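Protein chains: 2
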Amino acid sequence: MAENRTSTLLKAPASDSAAALHTAATIVDGLQISNWDRATLEELRAGGISGVNATAAVWEGPADTLKAIGDWYQLAAKNPDLLTMARTADDIRRAKLDNRIAVLLGFQNTSSFGDDYKLVEVFHELGVKIAQLTYNIQNLVGGACYEPEDSGLTRFGRTIISEMNRVGMLIDLSHVGNRTSLDAVEASVAPIAITHSNPTWFVENPRNKPDEVIRAVTEAGGMLGCCLYPLVIGGKKTTLEQFCQMVARLVDELGPTRIGLGSDCTRNWDDKFVGWLRNGRWQPEGETKATWPEWPEWFVGPEDFPRLTDGLLKVGLDETTIRGVLGENWLNLFDDVFPGRKIS
Amino acid sequence: MAENRTSTLLKAPASDSAAALHTAATIVDGLQISNWDRATLEELRAGGISGVNATAAVWEGPADTLKAIGDWYQLAAKNPDLLTMARTADDIRRAKLDNRIAVLLGFQNTSSFGDDYKLVEVFHELGVKIAQLTYNIQNLVGGACYEPEDSGLTRFGRTIISEMNRVGMLIDLSHVGNRTSLDAVEASVAPIAITHSNPTWFVENPRNKPDEVIRAVTEAGGMLGCCLYPLVIGGKKTTLEQFCQMVARLVDELGPTRIGLGSDCTRNWDDKFVGWLRNGRWQPEGETKATWPEWPEWFVGPEDFPRLTDGLLKVGLDETTIRGVLGENWLNLFDDVFPGRKIS
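The listed protein sequences derive, respectively, from chains A and B.
Mapped onto the working numbering, the consecutive letters of the first sequence carry residue numbers 1 to 344.
Mapped onto the working numbering, the consecutive letters of the second sequence carry residue numbers 1001 to 1344.
No lab work stands behind these hints: they were computed from the structure.
Hints should not be assumed to be uniformly reliable.
[As the list claims (entries may be wrong)] Listed next, the in silico BS3-like pairs over lysine-lysine satisfying Cα-Cα at most 25 angstroms (straight line): (1) K67/A / K1236/B; (2) K1067/B / K118/A; (3) K118/A / K342/A.
[Said to hold, decoys possible] Per the computed footprint, the stretches of chain B lying under chain A, defined by three or more beta-carbons under 8 angstroms from a beta-carbon of chain A, are: (4) 1114–1126; (5) 1277–1286.
[What the hints assert, rightly or not] Only some residues are given here: those of chain A computed to face chain B with a beta carbon under 7 angstroms: (6) W59; (7) P62; (8) A63; (9) D64; (10) Q74; (11) L75; (12) K78; (13) P80; (14) L82; (15) M85; (16) D116; (17) K118; (18) E125; (19) L126.
Nothing here was measured: the structure is a model prediction, and the numbers come from that model.
Even for Gly, the Cβ is constructed at its ideal location relative to N, Cα and C.
Isolated chain A (complex conformation):
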């Protein structure tokens, strides 16, 4: 069930220069967790997006993850004009030329690996190029952003990071606890990403990141993907200008190559899915039924990406910086991380 758009007017960027810049840029979304079908993919194409880190597993174990990946392959086989399963940044660059959507499969958890580090390479072989270490709760790998105690990176977590480094799977810290995040940056020989979070100075929230974590990640060659999810921008009342000013300040503080976007779009789901995200199988659903938050009027889905380009121009960022933030920074990070590292 896609949300109804409030106005078709919103789809158009406000200026000709923004439209030209948006069309020229290779746009990569650092994270979406939509309920994918042809219509949902078409929204990305309408928004000018060429590459996306699409979540293929959150609470799933190995067998359920296989099923999810099987669904992706079937979707690709049935929609070759629209969808290509990507393994490299060049696959995304090619998708831009073909007017297709290049999907990098991603995990928002390490549950798909079970307790078996060898499954890192197995899922990497299936096209899983990005994995978040934990999702909201403590797991075998480390502590999470909503857990009162953060164990730090575990011994298994160190093995997982070493395997991810070796095979070329990008580590994502978005829902990870701060202590585990710092441990991960220390343990990893490859750059790390926070694909979809904002700084706590923008909105104080367990899902956002203190300066210490953001600086550790970006100083080690990693990136922060600024996130549009209502919770981490302070709700639907937050303006496009405020969001873009946050991006501009991050560019100023951390450099133009360290910042990208990770919208966290959750298109085409009903409320049952937000309950699954919140509770998985680890706790009962509880009294209060989980519901999706309301998105700000200026960003309700991938079709609104042109508005971000417009907003970034308006807060004074130059075109090169904006092209970096819209996607080229992600592409460069993927070029660096995806070939893997020799692990002695």
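Given the coordinates of chain A, work out where chain B should sit on it, guided by the hints.
The following block gives chain B in isolation, referenced to the frame of chain A:
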């Protein structure tokens, strides 16, 4: 626990011309189900083998199969000088030049797909290029060689065959029932193999195949891999000459391009594993403990492949035919099947 070899003398082929032919040929074994490690792979190299269909799952479901494939990837990562994971016939041809062993992952059952046809493509993506439809007992796909009743190919079986055709996974009928085998040949739009069986006219046994099945397979462009497993050659008393005469008669009856070898080597296992093969999880192990059969003195493992070349020369086959039987026929079949088929 590798069996002790009776004599190092046995390793050498008996004639210079056999040795030259063996060295020149690209040798492919249609099936081995050994307990793989570096030493076991070295046996293949010693025997002059460049490519092998190595069984990665028999009774395993999806999750356990992932673990088995993870083990293969680790073995390959640790032994790059010796082992390469192959996806094409050209990978095997290259391995011959590199003096390495190219492994095609194979299933001896369809249990790894569970009840989900989408997993065909998922496991194909992991390098599983060959799958037998059933292993000894009736399953979701069809009837098996030891089952008193053969259901024929099921509706799920038709979907599986269609998916295997589409993605380019070779169908194997070795342990499949005769009725299901004939149904499979009818249903498949790509050639099919019997990777490791002999004709019932050589040894009457449920694991061997009547003329009707062999002819259906080979007339549809498929192949029969002649098998060395003691059970299907009539035990250890059978001579190399008798085996090679069987091959020569098959070449005579079916043509020189329809015949290959599938040794069914089972190296480095203890008796517990033969119990697992026989009983899986579908029946208790029973009173009599399963034990491995004794192999004939002239063929106890992959190192004895040169003796086959010698034997095939001695029964009067020409060099081109022998090169075909030793591996080139498999390579041509792989070239045909592995790219997949367009399914309307």
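Do the hints match the structure? See the list:
{"no.": "1", "hint": "K67/A / K1236/B", "verdict": "45 angstroms, violated"}
{"no.": "2", "hint": "K1067/B / K118/A", "verdict": "7 angstroms, holds"}
{"no.": "3", "hint": "K118/A / K342/A", "verdict": "16 angstroms, holds"}
{"no.": "4", "hint": "1114–1126", "verdict": "holds (count 8)"}
{"no.": "5", "hint": "1277–1286", "verdict": "violated (count 0)"}
{"no.": "6", "hint": "W59", "verdict": "15 angstroms, violated"}
{"no.": "7", "hint": "P62", "verdict": "5 angstroms, holds"}
{"no.": "8", "hint": "A63", "verdict": "4 angstroms, holds"}
{"no.": "9", "hint": "D64", "verdict": "9 angstroms, violated"}
{"no.": "10", "hint": "Q74", "verdict": "6 angstroms, holds"}
{"no.": "11", "hint": "L75", "verdict": "10 angstroms, violated"}
{"no.": "12", "hint": "K78", "verdict": "12 angstroms, violated"}
{"no.": "13", "hint": "P80", "verdict": "12 angstroms, violated"}
{"no.": "14", "hint": "L82", "verdict": "18 angstroms, violated"}
{"no.": "15", "hint": "M85", "verdict": "9 angstroms, violated"}
{"no.": "16", "hint": "D116", "verdict": "6 angstroms, holds"}
{"no.": "17", "hint": "K118", "verdict": "3 angstroms, holds"}
{"no.": "18", "hint": "E125", "verdict": "6 angstroms, holds"}
{"no.": "19", "hint": "L126", "verdict": "6 angstroms, holds"}
Checked against the numbered hints given earlier, the structure breaks hints 1, 5, 6, 9, 11, 12, 13, 14 and 15 and satisfies all the rest.
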